[in-house]
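4 protein chains.
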Amino acid sequence: MSYDDKKSFAKGKQIYLQPIKNTMIRAGVIGYGYWGPNIVRNFNGHSEIEVVKICDKSADRQKVAKGAFPNSEIVSDADEILKDSSIDAVAIVTPVFAHFPLAKKALENGKHVFIEKPFTTTSSEAKELIDLAAKKDLIIMVDHTFLFTGAVRKMKELVDNGTVGDLYYYDSMRVNLGLFQHDVNVLWDLAPHDISIMQYLVPGLKPKSLNATGSSHFGRGIEDVAYLTVQYDNNFIAHFNANWMSPVKIRQTLLAGSNKMLVWDDVEPDYKIKVYDKGIDISDKSEIYNLLIQYRSGDMSSPKVEQLEALKLETAHFVDAINKKVKPINGGEEGLAVVEILEASDLSIKNGGKEVRL
Amino acid sequence: MSYDDKKSFAKGKQIYLQPIKNTMIRAGVIGYGYWGPNIVRNFNGHSEIEVVKICDKSADRQKVAKGAFPNSEIVSDADEILKDSSIDAVAIVTPVFAHFPLAKKALENGKHVFIEKPFTTTSSEAKELIDLAAKKDLIIMVDHTFLFTGAVRKMKELVDNGTVGDLYYYDSMRVNLGLFQHDVNVLWDLAPHDISIMQYLVPGLKPKSLNATGSSHFGRGIEDVAYLTVQYDNNFIAHFNANWMSPVKIRQTLLAGSNKMLVWDDVEPDYKIKVYDKGIDISDKSEIYNLLIQYRSGDMSSPKVEQLEALKLETAHFVDAINKKVKPINGGEEGLAVVEILEASDLSIKNGGKEVRL
Amino acid sequence: MSYDDKKSFAKGKQIYLQPIKNTMIRAGVIGYGYWGPNIVRNFNGHSEIEVVKICDKSADRQKVAKGAFPNSEIVSDADEILKDSSIDAVAIVTPVFAHFPLAKKALENGKHVFIEKPFTTTSSEAKELIDLAAKKDLIIMVDHTFLFTGAVRKMKELVDNGTVGDLYYYDSMRVNLGLFQHDVNVLWDLAPHDISIMQYLVPGLKPKSLNATGSSHFGRGIEDVAYLTVQYDNNFIAHFNANWMSPVKIRQTLLAGSNKMLVWDDVEPDYKIKVYDKGIDISDKSEIYNLLIQYRSGDMSSPKVEQLEALKLETAHFVDAINKKVKPINGGEEGLAVVEILEASDLSIKNGGKEVRL
Amino acid sequence: MSYDDKKSFAKGKQIYLQPIKNTMIRAGVIGYGYWGPNIVRNFNGHSEIEVVKICDKSADRQKVAKGAFPNSEIVSDADEILKDSSIDAVAIVTPVFAHFPLAKKALENGKHVFIEKPFTTTSSEAKELIDLAAKKDLIIMVDHTFLFTGAVRKMKELVDNGTVGDLYYYDSMRVNLGLFQHDVNVLWDLAPHDISIMQYLVPGLKPKSLNATGSSHFGRGIEDVAYLTVQYDNNFIAHFNANWMSPVKIRQTLLAGSNKMLVWDDVEPDYKIKVYDKGIDISDKSEIYNLLIQYRSGDMSSPKVEQLEALKLETAHFVDAINKKVKPINGGEEGLAVVEILEASDLSIKNGGKEVRL
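Residue numbers (this note's numbering), protein chains in the order written: chain A, 1 to 358; chain B, 1001 to 1358; chain C, 2001 to 2358; chain D, 3001 to 3358.
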């Protein structure tokens, strides 16, 4: 996808929603847990892709899959998908540790890959997969589903068209009484959403360094509460508050710029995005100690946000990426960029929150 | 104040509210800006303390003071208060940089000191004042007003009586489109509230180290957005989000324990404290990798919170401290503990967020 | 269902959730529009009832039904269900005007009836169906789904166990930008929910009279905004605000008693019920003109509310009513009581809001 | 005030805020209870009116008045104000029953009158005062303070400039755990706010009839919960829900028109007015039974609302009315229109909610 295509995507032109007729993409889905059924349902709901095989090791989950999708073959061994030459694309919806070996085998067998976030457990794994896909001319799409929500697409539009102005900071809080993961900490679990969103909104800015802190309360050494600060050029700063032990569900993001300030409250049923005509006006930057800082406080508005299911748009984007050979907005590179931050956050936490250069 | 007295204070017995009749305390107030009038009004509203002199350098403010408090003498030189032998106590309500010299002179002249937060600009200044007060047998009270609100006193009660259980974390967010200060950054401006509250709630825990990050957007080198993490024993972790550039006013604190989790939303007009019977039950801590983590989600309750003006209670506590010679809950040591954290946060920010041992 | 059974239902003992093994009830569902699929899914989700035939006149809807429920026979003529002697029970999920003829035929053919709200278009129709069912020893259940929500069951418990005390008033607001109906006004569309809930909560009170007012804005003579007041004994008063033209969705009910006051906000995701220890204390009722009225304002609490799907519980209650021959809490009589109020509200609206005796 | 003046007022031109220099208006204030001090403070805060005498029968209140306003003479007999020929204007801030005799005497003695709402206890009293004022060329201003709030002025602007479009309904809810009045019911106490606001917003519409219902729970025959519906031409309908016994404070008004729908939530600290681009589009009104009704759901916006104290603006409007001889927007006629509705509501409640023609 060219830069212009990306822009038109954000502006809601949705060129990818009118697919050119192609041959049907035959897909296999590996992992039929909490999220797998949504993938299968959305793939099958698109006219150019169909799920021909579903794999899960659990007999119970196989039974559930059989009942819900009687037209798909249910298998227990991933190789029945990975080595099936009639299959064009594989969705990998497993725990993180299994992402790399499955994705590698899928690419080696010439299949496009749709893979859960976080992409991989290390950046070197991510790079290997990206190289392999490039060599084989295959698509990797990392399932950063939030990029396809109406709320994020609206924020992208407001940043791209200059409404927000120069960016000052991004501050997100994503907390709840959550599902403790066994293999990754709370940052690897929750922050990929916010990191991928922020990188999508501000693609021009490059992270310079980060600090992460956190705490583990149940003797497992896996942080259940964690904080991450990422420093960018131009004093742009991003902060992520992730927590599996909050009594209340908060999903709130502040994005402030020189023209407008946005608040995205994803717990609100409607009107998730609020745009505030609030800010600070500096009268004279030359005299540093005599700045006249004035507050501006005007109207608030809340633009209508599309209510389409995000995974439906993402499926269309995946089909489009395969059929039109365009780079997705959530390809391997975007997935890698998230993993690099998470990897560095581990290093920072292990070293008392020290600054890690990126 | 003994530990038992502190406890009874938190439980709302308010022994200090029935003052023994003493001679009237004669007070001087230095600084009549935004907060000064509230101090004068509350001091004068108490039957055992009266403001005999008010000092401000601005002729405009002097005029306002004269109109509002015709019975006080209005002066422009602090020495007219500090060297007035008929004055027993001085309230210092000036910018931070002036705290130390004024407080030192006041103590040297045998006056009790009521002083704005943050106590001083360095911990060595704070220690010098504490030593001086001890030597002279004088009271220092640092104006951590929030400790006297109904909400904080209720939280104190819930922590002290075991309702909350073992503490896991404290997470506060205090943001708004705020008054940029000229001499201190956003942490020195806003975090003293939250740090003093947290230390009041969990006096047994000692901070081990901290990390702070932030950003300055207007070329002054004064952070307008900043984040602070403080690590304690037993994996208790505290986090403070302070921001002068938020489009919305958020004053929200999460305090989670093994029995209950609290949310304090200070923007709510009523029912500021919510107590959630939510948490995590661990079935077996011996097998680290096979923990059975179960969620608990029960009732929520919101206890009635007293609506008395905090500064009225604090004034009574100041009078009581002077007349009964008891240590206040917000004395010099408590003010020093806040300054030590702020001082260390400066060091951390200047060094890329590195861990600073306390 | 005896009074004790009803009580134990409200208290959540849910004796009906452990059904005795019986032969499978064979059901037919007439009407497969917006709500029909939920009925079919829930009936089929219960181990003792299965939907063997689904009827809809629309070829489109038949196709959708076929796809979703391949094991049911899809028919276009209701008689294929009503005259099928192998069918035990019929769910009527059609527009209101068709309720009576379909239900009558179903009962005449010996089938139990599960029927959408409002029960019928006139009280005489409702009475005829109740008599017919009694004669044939058949069950009628009117689909007042809200009675089976966790929120309503919790309110019932709080009223029955005396928490609320003597009841003062019930005030509900159910407004949204709604689906304009072609055959009934906004009261017939929305108020059955609230009327049935109120009657369930306060079964001992009998309505004395009512007044209704409203307005129609699109030249059809069908009120899209309407208000209903119902007077009861002991000065208990109920008020219903129903509106298809509100920009915001409000579903809020106040229920005040002498001990506690409840607020039920059904738009809240969690903590839908709040119990306020607020009220009025009268010191002396003998001296009418010198009453000392005092306000009481204490804690608020929000009890945990069960999150089970209401229609699942209602299905179990229907099966139970058939198998155990008990009167359901939402039988024909309860449906009739709602229709009587709606019928009287029409009379009142047509006569300028005049009082109609019940 | 001409129609154009009224319009410019609503549009915020605030011509009355730049008063021409006149001689100082000398005012007396009768009644120094809950609201009186605000009147005195605002009158004294204006450069062209001063309170020279304050009257209250209670020795306690006299003492409070003396302390707060040492420059006013404090008296216990209203005649000392009413018969003082040096006084130009009288503010009557007493219980309702005393309004008429005091206002009559004030007008007879040639004084302008600023009077609390509701204006009088009967419409004939109101008419007598209006006639007397006209004859004497004096100003009557009824203290419908809400008309001078930023929120109401913004709504007025949105109605007048066509933003809202043709009006469909006005629906207000004003409930709280309130101060039971001894002489008037909850409609007389709370509804004057909402009735005066509605009449200000839609001056062109004339009420045709009304119905009121209510209930009294403490044996005094004074309704503490009441509902009022007023019918207008063009199917515009207004509804008022007033309640002294609600556990929560709700002050919410819906105003729907053909273009936009407004929600005014007066409990919100900021952004009290929300404008929804929501509504209904009718494709063909000719075919009544085949209307195509379509929903429209677009952006929401919340215009900035002025935060000036309403009573300050109202004071300026009173001074302006006196000095410029213009009719105020809240004159005797406007006060009478409110009393006529309240009087008719009494008649309706006493007659079982029957329709009363206006």
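It cannot be assumed that every hint is accurate.
[As the list claims (entries may be wrong)] In silico contact screen, one side only, chain B against chain A (beta carbon under 8 Å); selected entries: (1) Gln1181; (2) Val1184; (3) Asn1211; (4) His1239; (5) Pro1247; (6) Val1248; (7) Asn1259; (8) Leu1311; (9) Lys1312.
[Unchecked claim] Quick list of in silico lysine-lysine cross-link-like pairs, BS3-like style, CA-CA up to 27 Å: (10) A:Lys274 - D:Lys3053; (11) B:Lys1063 - D:Lys3278; (12) A:Lys66 - C:Lys2206; (13) A:Lys312 - C:Lys2053; (14) D:Lys3354 - C:Lys2249; (15) D:Lys3350 - C:Lys2208; (16) A:Lys53 - C:Lys2312; (17) B:Lys1053 - D:Lys3063; (18) B:Lys1304 - A:Lys249; (19) C:Lys2278 - D:Lys3278; (20) C:Lys2053 - A:Lys63; (21) A:Lys66 - C:Lys2312; (22) C:Lys2063 - A:Lys304; (23) D:Lys3274 - A:Lys304; (24) D:Lys3249 - B:Lys1304; (25) C:Lys2249 - A:Lys66.
To be clear, the hints were calculated from the coordinates, so they are not data collected in a lab. Beta carbons are placed, not taken as given, at the ideal position from N, Cα and C, and that holds for glycine.
Please flag the earlier hints that this structure goes against, numbers listed from lowest up. The structure conflicts with hints 1, 2, 7, 8, 9, 10, 11, 12, 13, 14, 16, 19, 22, 25, although it agrees with all the remaining ones.
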